[in-house]
Amino acid sequence: MSDNKKEKKVSIFVPHLGCPHDCAYCNQEKITGLKKSVVRSIAEIEQEIKKQLESIDCNQNHVGIAFFGGSFTGLPHDYQIQLLELGTKYVNHYSLQGIRFSTRPDYINADVLKNLQGYPIEAIELGVQSLDSQVLQCSNRGHSVQDVYQAVSLIRETPYLLGIQLMVGLPFDSLEISIKTAQEVIRLAPDFVRIYPTLVLQGTELEQLYQKGLYTPWSLQDTIENTAKMVRLFYQSNIPIIRLGLQASEELQETGAVIAGPYHPNIRQLIESQYFLDLLLELSTDSFSGNDDLIYISIHPSDETAFRGQGNQNLQSFMDKFRKKIILVKDSTQRKKTFSIIESL
Numbered sequence: 001m002s003d004n005k006k007e008k009k010v011s012i013f014v015p016h017l018g019c020p021h022d023c024a025y026c027n028q029e030k031i032t033g034l035k036k037s038v039v040r041s042i043a044e045i046e047q048e049i050k051k052q053l054e055s056i057d058c059n060q061n062h063v064g065i066a067f068f069g070g071s072f073t074g075l076p077h078d079y080q081i082q083l084l085e086l087g088t089k090y091v092n093h094y095s096l097q098g099i100r101f102s103t104r105p106d107y108i109n110a111d112v113l114k115n116l117q118g119y120p121i122e123a124i125e126l127g128v129q130s131l132d133s134q135v136l137q138c139s140n141r142g143h144s145v146q147d148v149y150q151a152v153s154l155i156r157e158t159p160y161l162l163g164i165q166l167m168v169g170l171p172f173d174s175l176e177i178s179i180k181t182a183q184e185v186i187r188l189a190p191d192f193v194r195i196y197p198t199l200v201l202q203g204t205e206l207e208q209l210y211q212k213g214l215y216t217p218w219s220l221q222d223t224i225e226n227t228a229k230m231v232r233l234f235y236q237s238n239i240p241i242i243r244l245g246l247q248a249s250e251e252l253q254e255t256g257a258v259i260a261g262p263y264h265p266n267i268r269q270l271i272e273s274q275y276f277l278d279l280l281l282e283l284s285t286d287s288f289s290g291n292d293d294l295i296y297i298s299i300h301p302s303d304e305t306a307f308r309g310q311g312n313q314n315l316q317s318f319m320d321k322f323r324k325k326i327i328l329v330k331d332s333t334q335r336k337k338t339f340s341i342i343e344s345l
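No gaps in the numbering here: position 104 of the sequence shown is 104 in UniProt numbering, and each next residue is one more.
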């Protein structure tokens, strides 16, 4: 959007009963704090919407309602309608952007989309995770790559935005497979993506495989380096990444909740720092002229922390390679996630 308002979501986690299929990596109770068998009453959800709206200035932000946590279109039909009507009530009353929800690709069909007509749906997010058949099978996803293409095609016939959720480091995954998935997702041209690293959570099939030595999660460093390469493809294609990594929660930070895997509360910053470092170190000396020991680089102000790297490590790595000191010039007109070398000030 052209204004300076921030995107804010009233995030409501719905019961996992909307997704009766248990994928190898999934423990929604740890991710959302909700027990699988608990059906949240509409009254309880309405109170949560009110509470979250109290802390958001709707005049200064673009605000929407998001139903996450399970597969929304897999919920009982009557419960779906109740949630949509509740969301619509607050969208209309507060002039919010609309409603978005997440669901599985195989839970999208023409009838499902027809039932959504008349409600202020803003976006549908598909839990794609991977576009490699063997990764999907080894992760017990229960749907095919073709199901993804079919769901994307159907959503593209609606006015809704399309979001795609991906995971890296699933069973049988590799850098090559993740890159191929990213390239294929780019071809599908979603409006935005989310990328999550695979964690071994307590009480999952993946925990059993890990304990038996049949699954090895990616290390934190491999996750950072590999995901940075995917991130680069999306940024070059102007596809926004609205989340990198699971949101830090009390449930995830409980002792024993994460058995293994690349969990880090600031993983987005680490990945984006690696992304900028890769770009910096790939520069040719032809990119900057003169014998000056200084080089001026323009960045968007919001990218400064990631560009510098932890403890200015990126700037130091550049100095070690090129023997030049970077002077940052913050420019709000510089496109985010890019930088430019300034020949002269």
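Derived by calculation from the structure, the hints in this document are not laboratory data.
Note that CB positions come from ideal geometry on N, CA and C, so glycine has one too.
Honestly, I wouldn't trust all of these hints.
[Stated by the list, open to error] Subject to a maximum C-alpha distance of 25 Å in a straight line, what follows is the list of computed DMTMM-like cross-link-like pairs (lysine to aspartate or glutamate):
1) K229 / D293
2) K336 / E207
3) K6 / D78
4) K114 / E48
[Said to hold, decoys possible] Distance ranges between label pairs, derived from CB positions:
5) P120 / Q310: 37 to 43 Å
6) E343 / G142: 24 to 30 Å
7) M319 / Q208: 44 to 50 Å
8) K5 / Q47: 34 to 40 Å
9) D222 / S332: 30 to 36 Å
10) Y149 / N238: 32 to 38 Å
11) A110 / N59: 20 to 26 Å
12) Q269 / M319: 19 to 25 Å
13) K180 / Q82: 37 to 43 Å
14) N59 / P159: 37 to 43 Å
15) A43 / Y149: 17 to 23 Å
16) Y119 / K180: 44 to 50 Å
17) L281 / A43: 36 to 42 Å
18) D222 / Q82: 20 to 26 Å
> Going back to the hint list, which numbers does this structure go against?
Replying inline: 1, 2, 3, 4, 6, 8, 10, 11, 14, 15, 16, 17 and 18
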